[in-house]
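S.K.: Produce the complete structure using the sequences and hints provided.
Protein chains: 2
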Amino acid sequence: MSNAELMETYETSLHQLAGHGPRNVAVLKDVFESIDGHLKSDNYGSGPVIEGFQEQMAEFLGKQSAVFFPSGTMAQQIALRIWCDQQGIKKVAYHPLSHLEIHEEDGLKELHGIETILLADKGRVIELADVLSMDEKIACLLLELPQREIGGQLPSFETLEAISAYCREQGIKLHLDGARILECLPYYQKTIKEVCDLFDSVYLSMYKGIGGIAGAILAGDQDFMALSKIWKKRHGGDLISLYPYILSAETYFAQRKDRMAAYYENAVELASFFNRCTGISTIPTVPVTNMFHVHFQDTAEQIAPLLSQVQQMMNIGLTRYLRAENTGCSFELSIGDQYEKIPKGKVIVTFEWLAEKMRNEFNQKL
Amino acid sequence: MSNAELMETYETSLHQLAGHGPRNVAVLKDVFESIDGHLKSDNYGSGPVIEGFQEQMAEFLGKQSAVFFPSGTMAQQIALRIWCDQQGIKKVAYHPLSHLEIHEEDGLKELHGIETILLADKGRVIELADVLSMDEKIACLLLELPQREIGGQLPSFETLEAISAYCREQGIKLHLDGARILECLPYYQKTIKEVCDLFDSVYLSMYKGIGGIAGAILAGDQDFMALSKIWKKRHGGDLISLYPYILSAETYFAQRKDRMAAYYENAVELASFFNRCTGISTIPTVPVTNMFHVHFQDTAEQIAPLLSQVQQMMNIGLTRYLRAENTGCSFELSIGDQYEKIPKGKVIVTFEWLAEKMRNEFNQKL
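Respectively, the protein sequence lines represent chains A and V. Heads up: take any position in the first sequence, counting from 1, add 74, and you land on my numbering. Heads up: take any position in the second sequence, counting from 1, add 74, and you land on my numbering.
Because the hints were derived from the structure by calculation, they are not lab data. Any given hint might turn out to be false.
Straight-line C-alpha distance at most 20 Å; calculated DMTMM-like pairs for lysine to aspartate or glutamate [as the list claims (entries may be wrong)]: (1) V:Lys307 <-> A:Asp180; (2) A:Lys103 <-> V:Glu133; (3) V:Lys114 <-> A:Glu243; (4) V:Lys103 <-> A:Asp295; (5) V:Lys165 <-> V:Glu133; (6) V:Lys114 <-> A:Asp295; (7) A:Lys420 <-> A:Glu85; (8) A:Lys267 <-> A:Asp295; (9) V:Lys331 <-> V:Asp411; (10) V:Lys114 <-> A:Glu85; (11) V:Lys103 <-> A:Glu107; (12) V:Lys303 <-> A:Asp295; (13) A:Lys303 <-> V:Glu343; (14) A:Lys307 <-> V:Glu189; (15) V:Lys331 <-> V:Glu133; (16) V:Lys331 <-> V:Asp159.
M.R.: Written out as structure tokens, the structure reads:
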């Protein structure tokens, strides 16, 4: 049984564990049904639709100014470029599994000629000691909260405070890759402003936890944001109309910004269900956000048919893919609106059955 | 009376000479009303919504492959970068009023380190002699058809053929800034494929003559387009969902691609009305596309109140702005769906009145 069958049984399931629902055109239609057709488009970064939302987000994040970008890739490269130009140092530091390092075709290097220093080991988050041990001068340190590629792990808030204080002392700019920063607040038990206060510039995704169609917010002080608009035009991101993304971001932000605690608690519960199964463990063991990774000791070839059967029989989608790891395989889960729509009894039965199948699988090998 | 009043009287007019209609949210709502909400989003450049439209556009333009970009700014910088890398020469040539030279905050230079040679004088299009006279080696020549900043002027088709033949002979890549290329076909009396055949790469806007929300198509051979996808990711243009732009582009492309001859003929008629007025002339005198510039001998301060009065009394919007020129002032007109919705008698009366007012203005000065 192939991964294609896993995807098939996932997508035809009545329920899915992860996410807010299918990424289809209804996401857009639902938003625009209630918006008056006479509302004027934004126009190359101007007009009430874009300016109003930018002001709202600047206020929310506790920054002087905010700009809406088509993507986080664009917003973050630009943030780092501005800090490098300002400091006269074309070097930044971030985690080895940063989005910029592994998902952007080296745009930061190819377009901006910025060198990177990789801090910490792949398997853990950046700690204060990593920052202190840097012997090269950098313009900016980027922290990704949570560290997505290792299951959404977080440093302690005290560590963040210490890193921030050190960077300010050393004149190093601190940038927050906060694609999923709202998802961290319930664990930190901090307000968004308390977190953003530690950083000179902040990026927030409009389609991850918030579930919009696409787009990103970059926030910082007035001068920084004014420069970011020039770079946005240079990147080809100053579109004549961004309202399809802005208005959907605004709608889903209002709907979901206060739901992060529920997603987080559900992630903790769900991870515990997985961890009760032989041969399955989650990273982190106890999630600190709405996300975690599910690891299997067995290979994707062994696990895929088993999960497909569960998905088909229980009508609950667990995952559409399995990624081969050094040992075994894994997949990622981000909890959104969908999880709590599944009757709890059904979730429990599903995991009882999965646990039994994993036990049998394990016993067969003995 | 200020330009604010000119804008006010323009926007409250029942009719407008230019464009397809207001750029408001209805442009999106009209498209999505008839699209099934279950249709799946594109996903980082993959999926039927984006792949289907790209195939359709490649076939339409007569190229091997096409890629949908969020903007022409992004698409064209990337096209020039790829040709420069391939040729090992970081230099391109284009018109002094090219979009890349005056509207993109020098993205081509700042992001890609590409030098530019400006061909021809500002007031006229690039001719074969300009190309022949270049003594520096370039990777790529960009031709903008029509040349927007000088009223949408065009070289002859024979000139295009000669420039194309020369570039092929010399190993110079030829790129078409065809933001408004469909608008040129009625004058050239050529098919889109006959025009595109002369070029190695082609860009077409989805929101100018076509009237979509935003977006651009870049087309060329397979290898070139495969590279363009890598650069699209680097630029931050490989969004998780581009369907709001793609589906609207598809709809309006189908609606308007065959209407360019009507827009062109209406532009020719409308320019003749302006040219009958004392102190007003159009560039070009006889349009060769759906666009032209309207020039006044008098200053914006003199002309604005006069046009505002005409707009208010006749309920027809002529322009929302006037741009100061070395002598007098000007505005741009691009004809779309709106012009032919105005009763012809009303247009004629409006211009008779405008002609009389311009005559009086002129006589007062004698």
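S.K.: Run every hint past the structure and note whether it holds.
M.R.: Taking the hints in turn, this is what the structure says about them:
Of the supplied pair hints, the one linking lysine 307 (chain V) and aspartate 180 (chain A) holds, its CA atoms being roughly 9 Å apart against a limit of 20 Å. The suggested pairing of lysine 103 (chain A) with glutamate 133 (chain V) is violated, with an alpha-carbon distance near 30 Å, which exceeds 20 Å. With a C-alpha separation of about 49 Å, the suggested pairing of lysine 114 (chain V) with glutamate 243 (chain A) is violated against the 20 Å cut-off. Annotation: proposed proximity of lysine 103 (chain V) to aspartate 295 (chain A) is violated, straight-line Cα distance about 36 Å (limit 20 Å).
Simply put, lysine 165 (chain V) and glutamate 133 (chain V) have alpha-carbon atoms about 30 Å apart, too far for the 20 Å limit, and the pair is violated. Restraint check: the Cα-Cα separation between lysine 114 (chain V) and aspartate 295 (chain A) comes to about 38 Å, which exceeds 20 Å; the hinted pair is violated. Between lysine 420 (chain A) and glutamate 85 (chain A) the CA atoms are separated by roughly 18 Å; this keeps the pair inside 20 Å, and the hint holds. With a C-alpha separation of about 14 Å, the suggested pair lysine 267 (chain A) and aspartate 295 (chain A) falls inside the 20 Å cut-off, and the hint holds.
Of the pairs offered as hints, the one joining lysine 331 (chain V) and aspartate 411 (chain V) holds, with about 12 Å between alpha carbons and a cut-off of 20 Å not exceeded. Between lysine 114 (chain V) and glutamate 85 (chain A) the alpha-carbon distance is near 12 Å, which keeps this suggested pair within the 20 Å criterion. Note on lysine 103 (chain V) and glutamate 107 (chain A): the hinted pairing holds, with a Cα-Cα distance of about 8 Å set against a maximum of 20 Å. At most 20 Å may separate the alpha-carbon atoms for a hinted pair to count; lysine 303 (chain V) and aspartate 295 (chain A) exceed this at roughly 33 Å.
Straight-line distance between C-alpha atoms of lysine 303 (chain A) and glutamate 343 (chain V) comes to about 40 Å, which puts the hinted pair past the 20 Å bound. About 19 Å separates the Cα atoms of lysine 307 (chain A) and glutamate 189 (chain V), which keeps this hinted pair within 20 Å; it holds. Distance restraint check for lysine 331 (chain V) and glutamate 133 (chain V): the Cα-Cα separation of roughly 14 Å lies within the 20 Å cut-off, and the hinted pair is therefore satisfied. Straight-line distance between C-alpha atoms of lysine 331 (chain V) and aspartate 159 (chain V) comes to about 34 Å, which puts the hinted pair past the 20 Å bound.
Violated hints for the displayed structure, listed by number in ascending order: 2, 3, 4, 5, 6, 12, 13, 16.
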